[in-house]
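K.L.:
Okay, here's what each chain looks like letter by letter:
Number of protein chains: 2
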Amino acid sequence: MTKRCYFFGPDGADGDAAAKPLLGGKGANLAEMAKLGVPVPPGFTLTTGVCHAFGATGALDADTMAEVWASLARVEALTGRTFGDASRPLLVSVRSGAPASMPGMMDTILNLGMNPEIVEGLARATGNGRFAFDAFRRFIAMYGDVVLGVPKHGFEELLDGPRREVARTLGMRADEMRPDELRVRVPDHRLGEQALRDIAARSLALVEAHTDRPFPADPREQLAAAIGAVFRSWDNDRAKTYRKMHDIPESWGTACTVQAMVFGNLGDTSATGVCFTRDPRSGERRFFGEWLPNAQGEDVVAGIRTPFGVTRDRAGEDSLEARAPESFAELVRIYQSLERRYRDMLDIEFTIQEGTLYLLQCRVGGRSALAEVRTAVEMVKEGLIDKRTALLRVSASKLGELLHPTIDLDAQKTLLAKGLPAGPGAATGQIVFSADLAERWAAAGREVILVRRETSPEDIHGMKAANGILTSRGGMTSHAAVVARVIGKCCVAGCSSVHVDYASKTLTVTPPGEDGAPREAVVLREGDVVTLSVDDRAGCMWKGEVPMVPARLTAEYHELMSWADEARTMKVRANADKDSDARTARNYGAEGVGLCRTEHMFFDPDRIGAMRAMIVADTKEARTAALAQLLPMQRADFVKIFAEMRGLPVTIRLLDPPLHEFLPTSPEQMKDVAALTGATPEHIAARTAALHEANPMLGHRGVRLAVTYPEIYAMQIEAILEAACDARDAGGEVEPEIMIPLAVTRAELVYVKKLVDEVSARVFARRGALPFAYGTMIELPRAALLAGELAEVAEFFSFGTNDLTQTTLGLSRDDSDRFLGAYQELGILAKDPFQTIDPLGVGALVELACVNGKAKRPDLKLGVCGEHGGDPASIEFFQRAGLAYVSCSPMRVPIARLAAAQSALRASG
Amino acid sequence: MTKRCYFFGPDGADGDAAAKPLLGGKGANLAEMAKLGVPVPPGFTLTTGVCHAFGATGALDADTMAEVWASLARVEALTGRTFGDASRPLLVSVRSGAPASMPGMMDTILNLGMNPEIVEGLARATGNGRFAFDAFRRFIAMYGDVVLGVPKHGFEELLDGPRREVARTLGMRADEMRPDELRVRVPDHRLGEQALRDIAARSLALVEAHTDRPFPADPREQLAAAIGAVFRSWDNDRAKTYRKMHDIPESWGTACTVQAMVFGNLGDTSATGVCFTRDPRSGERRFFGEWLPNAQGEDVVAGIRTPFGVTRDRAGEDSLEARAPESFAELVRIYQSLERRYRDMLDIEFTIQEGTLYLLQCRVGGRSALAEVRTAVEMVKEGLIDKRTALLRVSASKLGELLHPTIDLDAQKTLLAKGLPAGPGAATGQIVFSADLAERWAAAGREVILVRRETSPEDIHGMKAANGILTSRGGMTSHAAVVARVIGKCCVAGCSSVHVDYASKTLTVTPPGEDGAPREAVVLREGDVVTLSVDDRAGCMWKGEVPMVPARLTAEYHELMSWADEARTMKVRANADKDSDARTARNYGAEGVGLCRTEHMFFDPDRIGAMRAMIVADTKEARTAALAQLLPMQRADFVKIFAEMRGLPVTIRLLDPPLHEFLPTSPEQMKDVAALTGATPEHIAARTAALHEANPMLGHRGVRLAVTYPEIYAMQIEAILEAACDARDAGGEVEPEIMIPLAVTRAELVYVKKLVDEVSARVFARRGALPFAYGTMIELPRAALLAGELAEVAEFFSFGTNDLTQTTLGLSRDDSDRFLGAYQELGILAKDPFQTIDPLGVGALVELACVNGKAKRPDLKLGVCGEHGGDPASIEFFQRAGLAYVSCSPMRVPIARLAAAQSALRASG
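As given, the protein sequences belong to chains A and B, one line each in that order.
Residues in the first sequence are numbered from 13 upward in steps of one, following the numbering used here.
Residues in the second sequence are numbered from 13 upward in steps of one, following the numbering used here.
Any given hint could be a false lead.
If several chains are the same, the list does not tell them apart, and a pair holds so long as it fits within one copy or across any two.
[Claimed, not checked] The calculated DMTMM-like cross-link candidates involving lysine to aspartate or glutamate, where the alpha carbons are at most 20 Å apart (straight line), are:
1) Lys683 with Glu338
2) Lys590 with Asp684
3) Lys766 with Glu837
4) Lys410 with Asp259
5) Lys476 with Glu302
6) Lys683 with Glu557
7) Lys843 with Glu342
8) Lys843 with Glu801
9) Lys765 with Asp249
10) Lys47 with Asp359
11) Lys683 with Asp616
12) Lys425 with Glu88
13) Lys766 with Asp249
14) Lys164 with Glu220
15) Lys766 with Asp247
Keep in mind the hints are simulated off the structure, nothing from the lab.
Note that this is a predicted model, so its numbers are computed, not measured.
Make a model of the complete structure from these sequences and hints.
P.N.:
The following block contains the structure:
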């Protein structure tokens, strides 16, 4: 017979930490602790197998219930209490727990086993009526919500009247206070026993009114129904979506743990607390935690009472060490043995009930990137783990936190809005609504935050001048986001709750309330101070200035990265358009430039004029004249980049973007271009209109520009090769790689190759030859499908996965934020395909192109330069696909180095 | 030893018609005629093998030249003339001739074998000095151009002085005439012997000045160099591009035929002419041709003298039949035996030199669609060919000519401009520049041609009202082109030489001159009359009214189509958005509707208001209210279409387009929508701005609309199913197929399937169930790649190859006309991928989706509804890919039926 209930208690356990698939994380860790002799309240875990059976039949069978009652009897024996007995009642918790952490997604019921008669017994037994009725009314609400489907807010509202009464007695203007104010000003512990008795009675009545039946008085009926509800919660919509988002298989199911309740709020010899085995912020190896005497776990979490430190060095006489030295000593022994057993930093929850210490939970502890790196490296030195484990344990995406200042998490602050974590770090400044003003104020020494609905190339000077950027529209690959990452600026993008009004120079935002509900709108004006912060999950805008913690590249970081570099097989390059980017990238360990976008060099105000003149030219002569102005600028830029990257390859992409990105838009700009070219503003306007495209992303760009205007590419090729000669003559080694964008046919590559041959013959005749490579982006489906043909001409491929994603999925990255949110909420797409590569669609094309390209040219060099090159999950995909390198924005180079190492380690098993 | 020269003459030939790969078309047909005893001037053909050898070494080897001289000796013997001998000189032609026709692409030299001495001999021998020097000066110019690279115009200009002199003697105001006028007013035959002697002498001097060497006097040197030049012309750029365009392999090479010259301009017993074995316009079985006494072949072609009919019934006493009864009788015997031999209608060139008839060329004759169909069917009845041959012989794309009126090819007319053959037929009317005026004038009984830079959905009422449409921008799949084909209107698109000025309501065009060079600009005003005509190669705009030939669906057409229907294995459906389209389609033999675009129903002026109200709605309530208005309209449309297509399947695609297509654009339209919705115009403008997309093609459209606004699809599904119930209850059989656009994931199809299930349950509960199918478009690369997954939900796939082409190649069909021309000119793309499917890119995805879809669901129904469904070359591809049907615009249904038959016949070998 399959075992359905796994028991744990002071006399050991049926399972252990390895039994997670069967017992869930919580159940397995409780069993492990019991096995190690750690005092845990006794209980038992119904397996995920029972969840499957329940899912199939919708009911718990008799055999299962027989095991439940038998296990419950063991709990009764161990605790000396009896379930359903009013004199010494046993109360239990019924908790969900899946093999993978799904915080808050499924249901839990506490204090189960009470009815109006038993609660009186509990009051008598504990001598604490307030405690008993508080526990009871909470149980009724939780059970009513989870098992019986009575809306939660109904129970909440029952507290409003008693709260208002307390407020009145405290002399507050109670009648004018809104319920949410009341809730903050009159915390639950202010409610006395009589109030709680009333609330409990009214809660029972509410359930009866809603369900047309009295609240179930039989504790056994309560327990059976609660177990069923916990299993059922595996299938709620929230949980399903969460699993899709986090790749948790539907087939796993949840376990359900039934455990004797212990209480930390039974008086001064009771207490509750949470500890970490090392400091979760710094990683320092010291016991770290907080506790509250006479309190429940949620009091520590809710922050209504301020908890004390557990150690004397932090909290002196208020410490647990001082107030309960025996429990403290036991706790220290326990945490040390648990950390040795788990070989990781742990988060431990404990309760002391009338002097007796119980451990309620242990799990791997959440921590800052700083702490993650430090503990990983130190544990290797302590012999707890090997380097492989250390490398795999550090979250690559969190590593970004180390490279930028972050806000002080302990500081007081008010959240105004949340958006996408588009550019790294944190920044404070006065808001401005135009790039020009950003530049002016910054030049005058002011710190500014540039706020725009969305940004365009016109805004780049302002973005550079600003400390941070906020946009109300656009996704993770919007213009603002891409540029911000390239220039390493903090950027919160797509902050849709922010309304930007350029005319009145105001920003209106309705900040979320405590419970996520919106509160009153806040209007900010030009010059008001805000702080932006970005972590790996979200971007936030905070009111005013929030204290910062500066970036710290510690010795442990450098040690970990050196291990990563030993472990990885893929190179990491950076996308860098300027020498300053290249320098940053090299400092962060980049092994070359994977993408130098030549067009970004033209957005500078002193260059865009010539660029525009070139674009609006309607004769070859006018275009050639404009190009002659641009050539020395390009050459100078390349010389500087080659110098920064001496000895390393630099891939330069010839002009790519839809020309509309450069077009003059305002009448002033048209006048400027007219003055520059000698044409009338009307002519410039007409030419601009003629260049308008319905779908510029699919338009006249990339190599198509070379087919119609070969002189543009000829100029760029000349600038690259001359710059390479200059750099070589200055004594540096250079490895230029000339890259063609948007090709879909072999013939296009042959066509440009002819240009390259002509120009190189001319330049090398003058300057002497040097080696260079010729290759192509693979960024359209046809290029991937015809990769074999393209590899006949191209010596390297660089996957442009941004555009490949746009075309493979038919998804404009400028527009898709209107519906991608709904797609993810509904679980139609698990992830934003612009952040993490779509493995079955876009990825299949990448794999196909790798195989077919290599078949035709075995030494074909393969890399990726799309935004995915800096995304750890995508890097794992590229490792499997066999790429030689990934290229990402300079600030993500360390992330990519670690992710590449992790991918290599996982690939090698 | 490989034979290099294949001889032909009165005593037979070395080769025959089957030797085309070796002798080229011209050489093989000459050999065949010689073999049949047809009198051809003797000569010989150097094989394509010699061309290959020449290509490799750049020279003709000694063995080849030995064969040339031996063959030439046979020609001398047969003609009684001697090459290089001044007393009885033999002159030869040296002509290119590839295995496939490449008209005008390669070089030819006539009258070879002369020098200043021999020409005098020729003058003496013929007693015709004018003839001899005319032949000589033409030879010098041709040889100078082709062999020696002396620019042609230099020789042309030598004629200007003598022409001006003639003009003066004729009393014209010669000094004021431009050279091109002179050329027309003073044709070559006006130049006398002395003038021609002078021109010949100056031509020789021109060559010497240009090449620094005297003109080669040795006829043998001339012949060897001319053969080399002909072979070299295989590799000129024009020829290469032509081969790419027409899929002619580079490896074929050209043959070179050297043949004794005969002259039709040696006096009254000489003549030249061109005949067809049947009437090339009607296909009638009668001898048809034209001739000129005392003339050269080019005189007949050039149209300077008006030729006579060959038969007495057409030309009376001027006929060849009357003037040279013996030659005529021989010609009739010859043409009859040739037609029996070739089993096809032939085009024959003949020359009579001093009473002796020679055939110079025979080949399959060009003909109208009408003639093509009639001769094919009649030849089956005559037992000349079988049905398979008849079906394969008729050009499917030319069939369109039969379905529309055409201009009378014999009518006098002036070409104004050429554009793309976007919509079929011909049309005459007064030009107007706005859709509104088109509608007003048409309502008043006037015939109009709508002229626009490009059209948009706003113009549809005007397009319908007009007889024809002309646009100055846009390609074969531009809005104008697509709509024109759907509604069966004549449309000339992308007429780039036309400049449209809306403000002044004028159209300026510079018509091409005779030699293709532009002439003076013509300005047309609103109300001026033009005629549009479209054949399978080009669209033309003609000045004024041009007489028309009405459409004729002959008995032969119906017979041929019935054979086609027996032969084909693919079904042919039509894309039809309205009942009138469906009726037309069914009349043309459509077997269902493959694509009913629901959005096209909303462009009617009385509906677009509600549609716009729906789109700009910013709450679900407002949207639902607008949808409630649209539902009965949609239902009524569907009922009518189901009625037209009773018994046949109708595939209805749910709302697809980027919403911007419906948005109000002008302030008036915004006001209208505001009035309709009760919102302010400012609010409508803001909402419209918010819906703007950077790349609408990749934007918020198709199934993405359903994910964010499920109520739209719910309304459409309800309208479809209710309409189907109505149609069924009215006694007709219905086969609705509900099609989802733009899906890329299985989850999207599941999501909408749930909607379909809910709505159908509700409708069928009320009305009783009926069967329907649920399927998806495959129009994005990811859908093709994931076809296996999609087939788990979809019961049918319809390939939307328009969008699949746009995304696979990253090519916007609205914008690509700016560079696709250059791509085709440079040979980078052989064909416009929007006209004929790109087999290696888009086609590979189609094939992959077919295989993977069928693997998952063996009875998956596969079809195509993109524009490619009406393109014969694409239909051949779809046959190979295994599709069950193609769907095309109603007027192309016959073309698709024939093309499908041809594909099936070719597939079965």
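K.L.:
With reference to the structure, classify each hint as holding or not holding.
P.N.:
Results for each hint:
1. Taking the shortest Cα distances, Lys683 and Glu338 never come within 20 Å of each other, neither inside one copy (83 Å) nor across copies (80 Å).
2. In the homo-oligomer, the alpha carbons of Lys590 and Asp684 never lie at most 20 Å apart, since the shortest distance is 26 Å inside one protomer and 51 Å across protomers.
3. When the C-alpha separation of Lys766 and Glu837 is checked against a cutoff of 20 Å, the pair qualifies only between copies, where the shortest distance is 17 Å, while the shortest distance within a copy is 50 Å.
4. Taking CA atoms no more than 20 Å apart as the test, Lys410 paired with Asp259 passes inside one copy only; the shortest distance there is 19 Å, against 56 Å between copies.
5. Taking the closest pair of Cα atoms, Lys476 and Glu302 never come within 20 Å of each other, the shortest separation being 43 Å inside a single copy and 79 Å across copies.
6. For the identical chains of this complex, Lys683 and Glu557 are neighbours neither inside a copy (42 Å) nor across copies (46 Å), given an alpha-carbon limit of 20 Å.
7. In this assembly of identical chains, Lys843 and Glu342 lie within 20 Å of each other by CA distance neither inside one copy nor across copies; the values are 45 Å within and 82 Å between.
8. Taking the shortest Cα distances, Lys843 and Glu801 sit within 20 Å of each other only across copies (18 Å), while inside one copy they are farther apart (33 Å).
9. Only between protomers do Lys765 and Asp249 lie at most 20 Å apart by alpha-carbon distance; the minimum there is 19 Å, versus 55 Å within a single protomer.
10. Taking CA atoms no more than 20 Å apart as the test, Lys47 paired with Asp359 passes inside one copy only; the shortest distance there is 18 Å, against 101 Å between copies.
11. In this homomeric assembly, Lys683 and Asp616 come within 20 Å of each other (Cα to Cα) only inside a single copy, at 18 Å, whereas the closest approach across copies is 42 Å.
12. In this assembly of identical chains, the alpha carbons of Lys425 and Glu88 never lie at most 20 Å apart, being 47 Å within a copy and 108 Å across copies at closest.
13. For the homomeric pair Lys766 and Asp249, the shortest alpha-carbon distance between copies (16 Å) is at most 20 Å, but the shortest distance inside one copy (58 Å) is not.
14. Taking CA atoms no more than 20 Å apart as the test, Lys164 paired with Glu220 passes inside one copy only; the shortest distance there is 14 Å, against 105 Å between copies.
15. When the C-alpha separation of Lys766 and Asp247 is checked against a cutoff of 20 Å, the pair qualifies only between copies, where the shortest distance is 18 Å, while the shortest distance within a copy is 61 Å.
In this structure, the earlier hints numbered 1, 2, 5, 6, 7 and 12 are contradicted, and the remaining ones agree with it.
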